[in-house]
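Protein chains: 2
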Amino acid sequence: MTAQEQAPEAETTTEADGYRQPDVDVDAVRVLLDGPYREVRDLVRTDLVEHAQVLLDAEQMTTADFRERVLDVVVTMAGTGQTGMGFPEEYGGGGDIGASVAAFETLAFGDLSVLVKVGVQFGLFGGAILQLGTKPHHDAHLADVVAGRTMGCFAMTETGHGSNVQALGTVATYDVEAQEFVIATPDDASRKDYIGNAAAHAELAVVFAQLDIGEAEARERHGVHAFVVRIREDGQVVDGVRVEDCGPKTGLNGVDNGRIWFDGLRVPRTALLDRFAEVTPEGRYLSPIDNADKRFFTMLGTLVQGRVCVGGAGINAAKVALTIAVRYAVRRRQFEATEPDREQVLLDYGMHQRRLLPLLARTYALHLAQEVVAGQLHDVFSREEDDEHARRMLESRAAGTKALGTWHATRTIQECREACGGAGYLSENRFAALKADTDVFTTFEGDNHVLLQLVAKGLLTDYAGEFEEMDQLGMARFVAGLAVDTVVERTAVHKLVQSVRDLLPGGERWDQEAGLLDPNYQLAMLRFREEHMIGGVARRLKHGIGQGEDPGAVFSRVQDHVIAAARAHTERLVLEAFVARTASLPDGDLKVALDLLCDLHALSTIEADRAWFMEHGRLSSTRSKALTREVNALCRKVRPLAVDLVDAFGVPDEVLRSPELLGWTDTGPVR
Amino acid sequence: MTAQEQAPEAETTTEADGYRQPDVDVDAVRVLLDGPYREVRDLVRTDLVEHAQVLLDAEQMTTADFRERVLDVVVTMAGTGQTGMGFPEEYGGGGDIGASVAAFETLAFGDLSVLVKVGVQFGLFGGAILQLGTKPHHDAHLADVVAGRTMGCFAMTETGHGSNVQALGTVATYDVEAQEFVIATPDDASRKDYIGNAAAHAELAVVFAQLDIGEAEARERHGVHAFVVRIREDGQVVDGVRVEDCGPKTGLNGVDNGRIWFDGLRVPRTALLDRFAEVTPEGRYLSPIDNADKRFFTMLGTLVQGRVCVGGAGINAAKVALTIAVRYAVRRRQFEATEPDREQVLLDYGMHQRRLLPLLARTYALHLAQEVVAGQLHDVFSREEDDEHARRMLESRAAGTKALGTWHATRTIQECREACGGAGYLSENRFAALKADTDVFTTFEGDNHVLLQLVAKGLLTDYAGEFEEMDQLGMARFVAGLAVDTVVERTAVHKLVQSVRDLLPGGERWDQEAGLLDPNYQLAMLRFREEHMIGGVARRLKHGIGQGEDPGAVFSRVQDHVIAAARAHTERLVLEAFVARTASLPDGDLKVALDLLCDLHALSTIEADRAWFMEHGRLSSTRSKALTREVNALCRKVRPLAVDLVDAFGVPDEVLRSPELLGWTDTGPVR
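Order-wise, the sequence lines are chains L and R. Here the first sequence stands for residues 1 to 671, where the numbers follow full-length UniProt numbering. Here the second sequence stands for residues 1 to 671, where the numbers follow full-length UniProt numbering.
Source of the hints: derived by calculation from the structure; they are not laboratory data. Do not take every clue at face value.
To be verified - FRET-style restraints, in silico, Cβ to Cβ:
| # | chain 1 | residue 1 | chain 2 | residue 2 | range |
| --- | --- | --- | --- | --- | --- |
| 1 | R | Ala218 | L | Arg331 | 49 to 55 Å |
| 2 | R | Glu466 | L | Lys625 | 31 to 37 Å |
| 3 | L | Asp263 | R | Lys591 | 53 to 59 Å |
| 4 | R | Asp42 | L | Glu469 | 53 to 59 Å |
Note that beta-carbon positions come from the ideal geometry of N, C-alpha and C, so glycine has one too.
When you get a sec, could you build the whole thing from the sequences and use the hints?
Quick look at the structure:
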């Protein structure tokens, strides 16, 4: 039975207002979503189906066995080429960064330990060697890394320092005599912690440490640098290194996270990944980037792909949950409603539509926004010449999208679990693993709140030249030193607000005259909010610091506004991506369907913050109520399309599991 | 170091407005929270400390072993008397229902498989025999149940019927010849599902089934009744019963959930739990309650204690998470802020205060509201005579508090996990288990959305005599048949709105003139919202059905308003409980501290729905912004008290685990 057949009659026929329910061509939507990388995504789907058993193994194996199993799957998948898409072809890679993101995202449909181990090995570890190293490092390691012959880890985070990486405690001191670095962990707060691949499998590690040069009195510190270091030889931890298992985790137990201490480990001078700085044999420090902060952030910036990938993974994990919950909601009946003696399917309840369908629309929105970020990543990293401004914009956008995408995953998976009732609590459905495994997404690869502060810093300083050298307090002082209007006028959104308003009827009264379904109205609202919030933060910082208050105390008080502004900025980018994509479609049912989703996303986003719009004079109480009614009406229109819209995600049936929820027969997943 | 010492100077000294930061006497707050059952709660705390190892076993044992371990702990705890508080003393119980709720709630500080197994055995299974059976059943079973010698299960839910229990498919047909009931599972949708204790340990089951009497043509169905049935003999499943393990679950894997099929199982006539209906040997059906729907809901109503207990458990699980996150937030430093060269502790960041402190205030609010519900439960069930109205009010209140308390648990645990960053992801902290184990609380013992519909039904019909006989559509039709004013005027909140307004300055302009910190203003706001929402639902139902629309379609469209009204009602009751409790305190620091929390709870509750208040003319945009500023100011005032306020929950250090987060030394949990 299709969703259309189950929908109440009124939804599928022509309504009084001339609205005709569109037919969704599932494959056409999937072509749109898969974008230029359909082939890559299908390769990953094939791999996922082949290894679908790993989802069951996650439940049934001991942790030790499951770690080995995940390693096997990762290495096997590496053989298909899907995990090496982003590496140069000369080392066995695919030479296509966009493809590597598409592959990684799609991998998130399956077991997430596999995903994260792939991310650690090829994204973080391999990526660091590629981005921070030079040809000798590439020649020495990349072919083995890409093939999965050499496993490695990315030893950045320390117990005492997660978000504030510049304050790491591990030290690498250059010994001129021996022409070696001596790596040491000064205290337990400086041990490397939560490091994926460290507890069991990594032979090599990229270690981030403070680089010191010179004798005791004349010692000079040059900030955090990365070194490629052997931590295991034939599976045994080498002398000078101590490793401890982090033990069981909420999820992702197929990944061997560990702690590492260095006890004066000696590594050759060439261990320094020296793309951005080198130490000559005689101990001279040379870098093309003079400023230490700027150098540090430039190095970190090359690792942005990790954030792009985690954001995409979160969005795709949400798709799995939605696919199960929506399909269940058109099968499950509970309580009599419209038809006598027959219970009503869940998705015909208004509340159930409200719970699931705005999340479905938002998943489409985030998918399309993520496609833009991935495209920018591809461009920035495929270009020969460095475009500093494009790089900063990308870093900011990746940070914002990662935050929104991963929070969306947490929220969507939880809502979908609850929407499947007690049945959703069984592990044979995907929710148990999805919840447990994705939980850390909001705080790894950058804590979401810290990432949004980074976004805000960019907005407020207009990515000024000195942008990368500022910490939060530096940013607060910088902004306080400018006129509020200057801060606002320098933002990209400032011009956009004006241009979109000119397209709307009503002049200054655009917010009252324009139709709720006019995308220019929707964009104008989000742009107005962003601009106003940036101005508000600038005003508050200026006021507090101008009155001589302690900048730290002022920042602490304004922090929620700072984060709200960053969120508003990212929400605006997400909606722009959705609007632009639907605008590009030819007229027809596909466009009608995507427009419905886009409207639902836009209006439910405005609705969620309608208090703010009312407080700031951009939404009357009457219009606010009309907006809520429109969201409900859009839910009813999307409802008959819902199953097709989740099917278009292309999550293979084999990885959905959920035999009871989805009514698979004994012979396997048959619809 | 105490929290006070770590707080910024400005917070602890006298401020310009004469505000003096109170000192919190942790023990005095704990006396207040523990209430009349401090002794019982301390008994449970002692049990929890003694069995703290079970938290580690949950991680390290196989599922089969852990189930046995949990069984052992439950039986051992039964020996201390803490699990039998609610049973009559003649069967070894404590004869004190309030004490049994207090004991159960406190048990939620520890491993939640133990909690849920206690709930299944003593609450659901034992409770059903106590409430639905008569003296012969009590004499036959209760002493063994209370002592934990006979384990049982509560076989109500079926695969096809979770929320709509009246539509269960299992049938018990009376065979006059044999004077036996024949229990049968007609199809797989009617198998009993997710039944705790069923997969391994239950010897007996209370089975809910449609009671049929008579031969094929003349067969009469009397609705759902409960039977006490042996399903295992010496650990072996008996003939006529088939049991299947539900397999691994998201959490609570120490509880053996299973499915049960009955294949014509014959049980004696006396197996019927016959407090509300009996079948004579010759097959006559007798009941003091004529109406079948009313009888069914009366029977179900006696089981309300389960909901009260789950709500309390959710609130107490949230306390564990908050205790860890708040203590961590005054130890962990990240980024330089107020002091040069020293990073700032997390809880001095405005955003971190915003994330944790309103949740802390809400936990206090829900705790005190829960105490009222538990008190009403105690009164209703300790009374000799039946007070039908009090019973209905209790059922409604228990449903609403359970929904809010369990959603609060899900949200709070998630926020606390994220507030502990990647470190919070390790299982050695409590978050992994807390998240996984509490996840089902929102959908078991009544799905939260369904429970809120029940609350709304009571509100909208004023618990009319025919209240229990109505399903959702019956309710919709009933309300549509009344004048909107009639619906509103009959509600309890109607008079309350007027009475509290009279206490406020400004007359009709009370919402503009009264101070934000005036509890009468806060109460007036929540009461106004509730009254207005009830009227709005009535108006919408009346309008739609009056225009001849299908009542099912109308209900579906109005459903989110129905649920919002129920939520508003419950929020009002929660705030009333908090305000009443603080009002009863003598002047002094304790009162000042509790007033701060109460204000923070009240204003953040209003703030969360400030859009609604603006839409309905009760909050100007200026006042709305002032309200947000006041919430921020309250957070800053509560911040120096936060550690003391979580310490007052009295969660034993031994069950907090979290050695790294809390900085325990090797010798154990030392502060």
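If you check each hint against the structure, which ones fail?
1
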